[in-house]
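So you can see what is in the structure, the chains are spelled out below.
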Amino acid sequence: MAPRYAPSLRSRLGPLLLFLQTGFILIYAFYFEIQENVVDEASFRDAYAEFQDVNVMVVLGFGFLCTFLVRHGFSSSGFNLLVAAIATQWALMLTGLESWYDRGKIPLDLRSVLVAEMCAASALISMGAVMGKANPVQLVLLALLEVSGFVLNEQLLQGLLKVRPLKGIMLLHIFGAFFGLTLTWILYRKGSERGFEKEKFDQKPGLFSMLGSVFLWMFWPTFNSVLVDDRFPGRKLGAVYSTYLALAVSAVTAASVSVLSSPRGKLNLIQMQSCILAGGVAVGVSMSAVHQPWEAMAIGFAAAVLSATGFKYLKSHMLLAFHCHDTAAILSTHGLPGLLGWFAHLILQIKDSGDPTVAIRFAVFHICTLLVTITVSLTMGTLTGFLLRLNVWRPPQNRKCFDDQAFWEEVPTGSNTPKPYRLL
Amino acid sequence: MAPRYAPSLRSRLGPLLLFLQTGFILIYAFYFEIQENVVDEASFRDAYAEFQDVNVMVVLGFGFLCTFLVRHGFSSSGFNLLVAAIATQWALMLTGLESWYDRGKIPLDLRSVLVAEMCAASALISMGAVMGKANPVQLVLLALLEVSGFVLNEQLLQGLLKVRPLKGIMLLHIFGAFFGLTLTWILYRKGSERGFEKEKFDQKPGLFSMLGSVFLWMFWPTFNSVLVDDRFPGRKLGAVYSTYLALAVSAVTAASVSVLSSPRGKLNLIQMQSCILAGGVAVGVSMSAVHQPWEAMAIGFAAAVLSATGFKYLKSHMLLAFHCHDTAAILSTHGLPGLLGWFAHLILQIKDSGDPTVAIRFAVFHICTLLVTITVSLTMGTLTGFLLRLNVWRPPQNRKCFDDQAFWEEVPTGSNTPKPYRLL
Amino acid sequence: MAPRYAPSLRSRLGPLLLFLQTGFILIYAFYFEIQENVVDEASFRDAYAEFQDVNVMVVLGFGFLCTFLVRHGFSSSGFNLLVAAIATQWALMLTGLESWYDRGKIPLDLRSVLVAEMCAASALISMGAVMGKANPVQLVLLALLEVSGFVLNEQLLQGLLKVRPLKGIMLLHIFGAFFGLTLTWILYRKGSERGFEKEKFDQKPGLFSMLGSVFLWMFWPTFNSVLVDDRFPGRKLGAVYSTYLALAVSAVTAASVSVLSSPRGKLNLIQMQSCILAGGVAVGVSMSAVHQPWEAMAIGFAAAVLSATGFKYLKSHMLLAFHCHDTAAILSTHGLPGLLGWFAHLILQIKDSGDPTVAIRFAVFHICTLLVTITVSLTMGTLTGFLLRLNVWRPPQNRKCFDDQAFWEEVPTGSNTPKPYRLL
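Chains as they are written, first to last, in our numbering: chain A, 48 to 471; chain G, 48 to 471; chain S, 48 to 471.
Check each hint, because a few of them may be wrong.
Each pair may be met inside one copy or between any two copies, as identical chains are not told apart.
Claimed, not checked - Computed cross-link-like contacts, DMTMM-like style, restricted to lysine to aspartate or glutamate with a CA-CA straight-line distance of at most 20 Å:
#, residue 1, residue 2
1, K398, E80
2, K359, E456
3, K359, E457
4, K209, D276
Honestly, the hints are just simulated from the structure, not real lab data. All values derive from a computational prediction rather than experimental measurement.
Extracted from the complex, chain A is given alone in its bound form (with noise of 0.2 Å):
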């Protein structure tokens, strides 16, 4: 008969933990200095205040919007902190990789901090496609390989195709998506098919992922255009219309979508908040060749609808026909959008570029961005599943996946209060 208790995290996750954060300590205290020859004032109020927006977005925003899991939001908002927590930290590092061996020093400054952030942020995404039937001691070793993943793939686009880093973060969403597919076709359980018992939504937790779905969607236009050039105030005004538009054009569309595939005529929560942001994530991979408002707005509507019609139609024949089972629905809010970005993108370029011998040189380049991303994903996604699978970590049984129960302590009445001493 199988346990009833969920396997036990104490000897696997606090030592875990204990290590990789005395480890960073040292690290940092050995090879780390703080940069303080900031310009001026308003230039760190600037690089602050767009910090803020992105820490929101990945610590508020990516952590309310799993909630949506009527008995998981405690382990969707607090291992979501956790992982940025280390993600950022490790990130951190590995982006200060270059300067270390230049100078033997990593600077550390708001912009490298922003940077890490949001390679942090492509682990979270693929947390979406495990969430709930993995322990905290798997996401954190997702996100150590997930992040080392993603800047091995930007050095190698930046060393092999000359790619600008800006460029290559924006790859995030299909990088983290594809990563995050892979990991949970590699970890399939079966019985997934028939759902899992604890697998459930509600109407109340609902406006907990609709807060976080909402953050998200108000600071998008600071996620693209925070790395765009400073020197350039009107391209990041750009990035910034375009976002805005995009996601507009999006939240309309999306509504639109969900009630037309609705037999009743009724929306969807979840599909709702997972398509409104289709439009953010689209314009962030193809910014650079948008230069008309329409064009985003477009853009936006066509990420809406593939977005919306993946969430429908595409998430259940993942389950069915791959074994795929993608929890919050990471390759039709993430994946599809930034695929259409990527191919928006080539379309613009190739119309905006009137010679065809630099169109077609743009078009191979453009295509073996995307083919490097892939490639690395894949590979990185399937190491890590494998790696994953191993039972030493304890992942939780069948039956405690999508369960807070699993990882925290239940809360009894007055539980603050000291129990041994209650019947004194």
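Add chains G and S to chain A, keeping to what the hints say.
Leaving out everything else, chains G and S in the frame of chain A:
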């Protein structure tokens, strides 16, 4: 016998949204251009930070304010996002008509998006009056007509009375409140005075509406100061202080009136949530005449007393005597404090102008501004009311009012796993 | 037999708030003036953005942090707003006394409001200790006395020991914690050790307190950096990095200690919510001596270990051994990390000063700072405790503690429709 289900919106909402959105994209393709010639990075960040704040108020603040209805949280927050996205796009077109007439193109910059969002806010205020009794098709039509009316009113005020744009926009509280009240009076449903079956409040969603309310409270200083002329930062600062002090006083006064007007000396959460904002509304309308901290505080005090008393006694009176069912009490939240602000502006301006001729001239001008606004508001509200009363929009039956189930797919256990295969 | 209902506050809270608020307005009318001579738009926006962040922390962060009590969410968030609004107005007056003495007028600028809000925060910390056991009348009195004590302490530190204002304000965690503990010790209710009937926790409000906690976590870098001298943006940046790193380390460490100290290897949400903030508290106190990333990280690590251990073992010990019932565990959230930060400051400063004479002089000065703060805090806490113990404030009975029903109107079904007419 009445049908068991709410009428399906599949053939109404889907095509309407698709038509509007594709139409908007086409219009934007031909007539809009991105304005990229920003002066410097700092001014971009300033404008963007203000835009973000207003965005948070419109999407999150207004969206979560009405979630106190226990079975209506998804609709309150979801429809708010939908309507805000459409109304902003529509307002961008209407406010750009003049540029289009002059130059054939409408420039898109952060300020125009911001003004458009504030116009959209007037529609969100009116929505509060019919919330729970109208379907999303009706809400979208409401938003289109209300924004048109509001922009028309602004043009009239600027054309006829040379009212400055800022002052015109700040009348949005008065415009929205009277528009919404007329609308809900025309859409009166027999039996409202006995209360709707599903019009329930509950403790837990109460905290969500507290969240919306608190976000409005925190960001209201931005809302009032954002359109104050940038060339005089002192004035902007004055608007921030005045609003903050008025809001602080409102919070204390609202609690005081709430406990004094309750026979058993208890506070009422929904009353407090509406009335802590009264000071912000009143100072917004009277801002340009407020020069001393105590003036703002006194306005905040009077507004909170008026608003809290109105909430307690006027709401049921309006329903019984005038057949006007005002779901979110917009009369006492926006209408009365707005009128008070208008009156305070009059008094302060007369006090400050030494010359009686100037004072009388100002008074006439100020009264005309209010009369024009109320006339346009009532007229457009009546027109919209008669349009929305048509059965072709398929409004929900009385017993489906205030019920998320009428518009949102029920999400049963494990609903994202494919139903037909579960028995395999 | 005990009365069935909690005592009515109608004759206490209403008049008290009205009296305070009208008194404040009169004082502001005579002695305050708006300071409008700001240098430029950019500096206004910078100050305003910081003010907004602190506002979000005070109103939203502290307000929602204590909503983990299942039946006390309205009181936690509502009373927090009420107390913050009063305490800020009161602190503005007290911190302006010097200007009033010199010039007869108190200037009102964003920085003074910001400092006032931080003084108010010290009262919100103390409130955490008596939350659920005190009525709003008592909380308002607590806030007035605590803010007075805190401003007095700052004056003493500046006058006697020439402590810089920033350093004085950052002691708010220590001041607030000791004030609150003394208070709850004096207000001890017999039977507390058996737990209160309504002192319950629940899963769903848990996410609201997660929200408050996460907002504090995200905006804490602003809280610590906001008062650092603007003329050295590098230092401000340093405060931001240090706080961010300490918070990230705290989050990881808190999870680790939580899982290690649980017999079944599970995490405790409320413990995590308190302890992820420990790093921010400790770095806030020690900030001016932290120059390396690893120092901040090590402080964050130690603070989280101390805070999590304190939460687990000290809270019940305090209750049983010292009759000190600390609802929100402010000793381990603010007190211990604050003391640790103080100690880290001492060590770092001694390490950095080559000269032993300088080191000893600093140590004496630093120890005196702490002694003065704790003395003032304990004295004011004792005074406040004896004042609040009077029955004239009508504290709730034991069985009405931790119960929203004692202070908030029950909102029955359709309560906003007029009751007396419902049978017509």
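Verification of the hints:
no. : hint          : verdict
1   : K398 <-> E80  : between (46 Å within a copy, 18 Å between copies)
2   : K359 <-> E456 : between (35 Å within a copy, 13 Å between copies)
3   : K359 <-> E457 : between (35 Å within a copy, 15 Å between copies)
4   : K209 <-> D276 : within (17 Å within a copy, 42 Å between copies)
Of the numbered hints listed earlier, not one is contradicted by the structure.
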